[in-house]
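Fit chain B to the supplied structure of chain A, relying on the hints for placement.
In order, the protein sequence lines correspond to chains A and B. Taking my numbering as reference, the numbering of the first sequence is continuous, increasing by one, and the terminal residue is 476. Taking my numbering as reference, the numbering of the second sequence is continuous, increasing by one, and the terminal residue is 476.
Hints listed in this document are in silico derivations from the structure and should not be mistaken for laboratory results. All of these numbers come straight from a predicted model, not from anything done at the bench. One or more hints might be untrue.
It does not matter which identical chain is used: a pair holds within one copy or between any two.
[Unchecked claim] Listed next, the in silico DSSO-like pairs over lysine-lysine satisfying Cα-Cα at most 27 Å (straight line):
hint: 1; residue 1: 269; residue 2: 21
hint: 2; residue 1: 218; residue 2: 305
hint: 3; residue 1: 211; residue 2: 421
hint: 4; residue 1: 310; residue 2: 124
hint: 5; residue 1: 460; residue 2: 269
hint: 6; residue 1: 218; residue 2: 310
hint: 7; residue 1: 348; residue 2: 116
hint: 8; residue 1: 370; residue 2: 351
hint: 9; residue 1: 34; residue 2: 421
hint: 10; residue 1: 460; residue 2: 57
hint: 11; residue 1: 305; residue 2: 219
hint: 12; residue 1: 310; residue 2: 219
hint: 13; residue 1: 344; residue 2: 269
hint: 14; residue 1: 83; residue 2: 21
Number of protein chains: 2
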Amino acid sequence: MSFLNTLSSIVGSDHVLTGEKALPFLSDWRGRYKGNAIAIVRPSSVQSIINIVRLCKQYNIAIVPQGGNTGLCGGSIPNNNSKDSIILSSTRLNQIREIDLSNNSIVVEAGCTLQKLQDISLEKNRYFPLSLASEGTCTIGGNLATNAGGTQVLRYGNIRELTLGIEVVSPDGYVIDLLRALRKDNTGYSLRDLYIGSEGTLGIITAAALKLFPICDKKWAILVSLSSIENAIEFLMETRCVFDASLTAFELISQFCLNLSLNFLNDKKYRLDTDFIDHPWFVLLEISAIGDIREVDDFMSNRIKIFLEKCIVLGYIDDAIISFDNLHFASLWHLRESIPLAEKDFGKGIKHDISLPVSVIPSFLSDMEKSLRLHFNGVQIVVFGHLGDGNLHYNVFKSIDQSEESLLSLQWQIYDLVHSKVHDFGGSISAEHGIGQLKVNELQKYKNAGALDIMRRLKKSVDPDNMMNPGKVLDI
Amino acid sequence: MSFLNTLSSIVGSDHVLTGEKALPFLSDWRGRYKGNAIAIVRPSSVQSIINIVRLCKQYNIAIVPQGGNTGLCGGSIPNNNSKDSIILSSTRLNQIREIDLSNNSIVVEAGCTLQKLQDISLEKNRYFPLSLASEGTCTIGGNLATNAGGTQVLRYGNIRELTLGIEVVSPDGYVIDLLRALRKDNTGYSLRDLYIGSEGTLGIITAAALKLFPICDKKWAILVSLSSIENAIEFLMETRCVFDASLTAFELISQFCLNLSLNFLNDKKYRLDTDFIDHPWFVLLEISAIGDIREVDDFMSNRIKIFLEKCIVLGYIDDAIISFDNLHFASLWHLRESIPLAEKDFGKGIKHDISLPVSVIPSFLSDMEKSLRLHFNGVQIVVFGHLGDGNLHYNVFKSIDQSEESLLSLQWQIYDLVHSKVHDFGGSISAEHGIGQLKVNELQKYKNAGALDIMRRLKKSVDPDNMMNPGKVLDI
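Chain A on its own, in the form it takes in the complex:
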């Protein structure tokens, strides 16, 4: 039997896609990456995946795991031409295997979407905190492969910190069962953490045991205006010290960025006073509380007001808007969440997903802007992101008299400038999007040589035939 026929005998011919039907899987959602594959295979069971992996091993065909295909670095699109590959799409492997309310844990299969997981948790009166723009489409497997972050990391951590255990199919086609839903388990090397963030290059994550949390009964969104980025850092420190775990988000927005969003939304319900807008920086923070709503509402609303007044007196912030009901809460968040779409409307830019120690962000921003303006006169800089955990989206757009093509042709020069400065300031060139195929060379440049050596050894020992997502993360 041929390779394709055997694949069909494993998953059914309806789930081996070639030709036209394969196209949507062969490029990413933004159309930035295109690849080739013998077929797209859509298994719905772990046993099928085992059989597929063994078959691929026999035929020396590589496997590119793909979840919701919402990645930003081309991690789930084939790019290696030294070997034929298939795309293994996880979207049919999407069952909730178990919910254990007393243990506050849930076991889900890799192809389950983040939204489905969030919804089922809520139905059971629990909260799964990972929250991303792509949550309707992205899968838990993809979230794990890239160690997804998002807006709630400040309080709940990345998905790594939300994960108790995982199940993996190895490149040899056997199951590595690490699914025990335990909060403490020191039995040998933490393979769970090795696979999380390995972007499908060491094996295929097929399921995960995840933590569930109590639902917060009440949330406040607060938009504050600030005179400087230094003040934003002081304000963050103060807020953390006063609200601790009740501080669930702390998002920075530059003035240029806020205006982009306001213009994009173009609706009077989002209107802000001119005096308020006339500031270089804004922070959207979220405070959450649990408990009897009226009791907590009175107590926390009062604490929030007193705290913000103190921060105005101390000069950390200039003004603050506190959400007064659920609709207002949603509209303040909508201002922040619309930034990526507003940016897209504004044009194509060169985007950086960076993180820095929070303390150096003011110096970095000032140095970086000077340096960019020196080398690329007139470019427009859009800064926003998760200041609470040091993660900035630092995006560069064309100058007014420049063409978009001309800016985009400078992509690698601008990357060079930004990433080398991030590196010098002790930061990371990939905070939450991963390496994929986009940043393989960048990683070689900036990652510690000792660490790269160990990474290569690990890859070779676990996947000696380079079967798993070749050409991603490492240049092998």
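For chain B alone, coordinates are given in the frame of chain A:
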């Protein structure tokens, strides 16, 4: 120059210990493990460690890293006779390299004691949450090598979750610098997490960047009496849902265990009413809050009282004692913390450091007790531990008419019975103490075969000459 002379030229002859001076390092603090080593070497710099590792590689001599030597599984005592070894003691490599308050992070060297780190954090108005009985002696390097847990895991996680970055000297004698103090960094495999918990078998952790937290202004200790273990689980779920991150500890104590502690302390200030003591189970929980003391005190004290009254009405708990001042807080905690010493006073027992999904703990305890009584009639069972994260200390003591030697001779049979049941219930045979040399065979029995295979491959790829702590964790 001979091996020992070269060692002396690296660290100074005062810091190469042999003969009498070496003895304290060659056995653990409880005297359960004894080993041999050519010398104890005490470097005070990373460069010295690099030189030592290169020298050992040249002479094919193994390295056993040792911190405070407070481990419970013999992980830092040499046990491999196939190769000569040195003990590399980290206690002189103990500097605080950097405190970054705005980033809420601190960089410390591996030999720094946990107590020193806690104290320095407090001086800077920050909190480092790891808390262990051995904190005055144990080192951060040892804590990281074993992924230490303790009483605050429920809220803050194990030391893995408290770590931003680490620095490691590889078995080849180069530095793997992963010290960036970032909360989001997805640049390749998480080597940090591979080294954390690897018990010195993959390299020597020399420093770590750790998270700091705000200090809680007010804490309440609450001792409650319960009629059943099922009630304790219901009570835990209810408490988590109502207090979320303010619940900072949830410790289970059996009646036998509480009596041991009360008898050991033997002081009227610890006296409890007979009615209160007349229960099979007790929980000591801790609620913490941040904010203006008086304001928070009133609000939370009131919430706690209302909550406990509700739990009494619901039948989850029978009675509760809330700490009314700092002294009372300390004395309630002292009841819990004295258990290990009270146990020691009681005699030698067979101890298990296990974890389970919280939901199965009632069935496990009931099955386990039946099974133990069936096979080892009359043994006394002492149960306590961190119920909030499923981690129990499950200890078996001799029956009244049995000799201690007779019980201890049954150690492996009792291990077998307990560990196999833990395994069947989806638990872990080592929750927070690690594998060391004690549980190498147990790990072979219970760890998933696929996981063991990957672990062996990793060890061989990173440390092909088996230089680093041979015979620990894995049987190589």
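Verification of the hints:
1. 269 with 21: neither (43 Å within a copy, 77 Å between copies)
2. 218 with 305: Classified as both; 16 Å inside a copy, 21 Å across copies.
3. 211 with 421: between (36 Å within a copy, 24 Å between copies)
4. 310 with 124: The answer is between: 22 Å across copies meets 27 Å, while 39 Å in one copy does not.
5. 460 with 269: Cα proximity of residue 460 and residue 269: none, with 56 Å in one copy and 62 Å across.
6. 218 with 310: both (23 Å within a copy, 21 Å between copies)
7. 348 with 116: Answer is neither: 31 Å inside a copy and 51 Å across each miss the 27 Å cutoff.
8. 370 with 351: within (18 Å within a copy, 62 Å between copies)
9. 34 with 421: Neither: 30 Å inside a chain and 51 Å across chains, both beyond 27 Å.
10. 460 with 57: The answer is both: 15 Å in one copy and 23 Å across copies each meet 27 Å.
11. 305 with 219: So residue 305 and residue 219 pass the 27 Å test inside a copy (14 Å) and across (24 Å) alike.
12. 310 with 219: Both: 21 Å inside a chain and 25 Å across chains, each within 27 Å.
13. 344 with 269: Within one copy, since 22 Å is at most 27 Å while 68 Å is not.
14. 83 with 21: So residue 83 and residue 21 pass the 27 Å test inside one copy only (22 Å; across, 60 Å).
Of the numbered hints given earlier, the model fails hints 1, 5, 7, 9; all others are met.
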